[in-house]
Amino acid sequence: MAATSEHLTRRDWILWIAFALVLIAAPLLWRSSFAQTLLSQIGIAIIACLAYNILLGQGGMLSFGHAVYSGLGSFIAIHALNLASKGQLAIPVSLLPLVGGLAGLFFAAVLGYVTTKKSGTTFAMITLGIGELVASMSLMIPEFFGGEGGVSGNRVFGKPVLGITFGPQIQIYYLIAVYCFVSTAAMYALTRTPLGRMLNAVRDNPERVEFVGYSTQHVRYLAFMISGFFAGIAGGLGALNFEIVTAEVVGAARSGAYLLFVFLGGATFFFGPILGAVLLVIALVLLSELTKAWLLYLGIVFLIMVMYAPGGLASLIMMNLRVAVFGKLNRLWRHYIPLVIAGLIALAGAAAMIEMVYQLQLNEALGPQMLFLGLPLDASGVAAWAGAVAVLAVGVGLFERLRRGFGREWNRIQEEIAAEIARREAAA
Amino acid sequence: MSSAAPSIAVELRDVRKSFGKTEIIRGASLAVNAGERVAIIGPNGAGKSTLFNLISGRFGPTSGEIRLRDERIDGKPPYEIARRGLARSFQVSNLFTRLSVFENVRCAVLYAMGYRYAFWRFLADLKDANERAEAVIAMIKLDRRRDHLAMNLTYAEQRALEIGITIAGGADVILLDEPTAGMSRSETARFVELIREVTVGKTLLTVEHDMGVVFGLADKIAVLVYGEVIAFDKPDAVRANARVQEAYLGSVLAQGH
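Sequence lines, in order, name chains D and U.
Per our numbering, residue 8 is the first one in the first sequence, and the count goes up by one each step.
Per our numbering, residue 28 is the first one in the second sequence, and the count goes up by one each step.
One or more hints might be untrue.
To be verified - Listed below are several chain D residues computed to face chain U (Cβ distance under 7 Å; list not exhaustive):
| hint | residue |
| --- | --- |
| 1 | H14 |
| 2 | R18 |
| 3 | D19 |
| 4 | A193 |
| 5 | Y195 |
| 6 | L197 |
| 7 | V219 |
| 8 | Y221 |
| 9 | L229 |
Hints in this document: simulated from the structure, not taken from any laboratory.
This one's a predicted model, so the numbers in the text were calculated from it and none came from an experiment.
Using N, Cα and C, we set each Cβ at its ideal position, and we do this for glycine too.
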């Protein structure tokens, strides 16, 4: 294997430029106001998920309470916004996300000092405890957290600079996009510094780290603060974007979403959380519109991924990319297409049953008649259930058959690639 | 310090260590001169690994003093001791499994070269650290495996990397815990050569079972039996020592306190 250069390669530069172009072009190609809302939320989620992954993927720290730092960043930012619009604080809107970031950094420095004293299970427990603590405080201190209604603000105040008021969603989107790009670049840069590398070392083998001169606790603490800073920036952007901050932003559900979607996206690759962030917004905004049972579907997807693809979406992509690099991806397509079709059939059967249960339990007043994928179903009738079971059985049966064929082909390809690598090394 | 009397690199004074009610190290004393190669031998369960763990800071002693040069290090955390120039290897390879060979070694040089917790400098720009890491990899003859993950190395390669991480930071006191354990004869011979090369001019303490290695490598031998150093001398003197022979003849129990 050739010595790998550590400076950015031309391919890296192309990827970064492409990322910037996507951020710039997305709202131009996709112009509806709904699209702008969606894209704004994705930009914020990317920062939050990447910040979370500094802990999970880079440092092996499983946090159940990272919404504390993004959420407190949101609250401080919205209070700062209100002070600024009253003229009591001289700060432009464009710098308010940084206020959120500094708040995240501050709380991570205070609370993280306790949290990072331990690692592993104890660390996870402490994050859970602090998460609950802050969530319960949000109900106890309505002056700061705004009680049930939350704290609202108005991001348009003062004279516009260069015609920018940050009133229209598109202007907020581009503010988010700038923060998203800079934060992503900064967090990527971190992975290439001494601290970033030692964080990986702490993840792999904390014991040995101590014997090469590093305090694992100090490495974890610094990483925790950096992660809190970027989480706070995401929180500050969220406050500007929604102009309202409610107690749920520090809640366990939000913390859980970070964990879940970073995992789905793939914690072992730097870009995994970016995919996770896109999925997060799609699930929270689109899927939740589509069906009441969206959390159930999410749970099932999560279970399947944990069991069969623990590296998340990113690792699936990278594994296929490797196959493609060796010019063997075309042999997999004829497996993938039938697999996807069989999977969709199974999903249709399962989804029909789930939706029928929801219809019977939650939409009682509407009666058992419902539409599923345009098909009228009687949720209390035997025929609909028998049909759904049959569709599910056919889908699962087909999928299982196809999966075996695919598994054999996959293993064959991996062996061929391993053999080829060995050949190349011997030749080198 | 005068050049006539050799300076002491590592000193143990009446060190004791108990786990619960069991006393594993029972008043061990030892003074190793700078630049000496010392092998620590003794029957299984004599406390050799525990002694290493005490010196390197994995545990603190229950009582007694441990000095590195003129400074007390007993009870200090491992990283404090490592920063003072004492490095150790492990009996079971203790690597950064998901990092490459190069990254493993570089992790071991960063602190010593002053980069510490820097997050404002790129690794790629740390010319001296990168060159040092490359040099160490060449020394342990893993240059062809530079970019492989540590977990994918063969057993012997992992043992070599274990030594590489230990010496990379430039510590002048090196502790090697059974460096040749589990190796074939030819591998062992090569490995002893390697150890000799990478520890030139340094103080070496090694735990070793292979008597060929012990007598080939060590300037002095310390015999540890039931948590006490019963002999510490030149190899020939230790070989002739009646107490040592007795201990190895299996009558250790009879002479226990």
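Status of each hint after checking the structure:
Below 7 Å, beta-carbon pairs count as interface contacts, and H14 (chain D) has one with chain U at about 5 Å; its hint therefore holds. Below 7 Å, beta-carbon pairs count as interface contacts, and R18 (chain D) has none with chain U, the closest being about 16 Å; its hint is therefore violated. Taking 7 Å as the C-beta contact cut-off toward chain U, the hint placing D19 (chain D) at the interface is violated, the least distance being around 12 Å. The interface hint given for A193 (chain D) is violated, since its Cβ lies 10 Å from the closest Cβ of chain U, which is over the 7 Å cut-off.
Residue-level restraint check for Y195 (chain D) is violated (minimum Cβ-Cβ distance to chain U is 11 Å; threshold 7 Å). The beta carbon of L197 (chain D) comes within 6 Å of a beta carbon in chain U, closer than 7 Å, and the hint placing it at the interface holds. Checking V219 (chain D) against chain U: minimum C-beta separation of about 4 Å stays under 7 Å; hint holds. Interface hint at Y221 (chain D): satisfied, since its Cβ lies 6 Å from the closest Cβ of chain U, which is below the 7 Å cut-off.
The restraint placing L229 (chain D) at the interface with chain U holds, with a minimum CB-CB distance near 6 Å, inside the 7 Å limit.
Violated hints, in rising order: 2, 3, 4, 5; the structure is consistent with all others.
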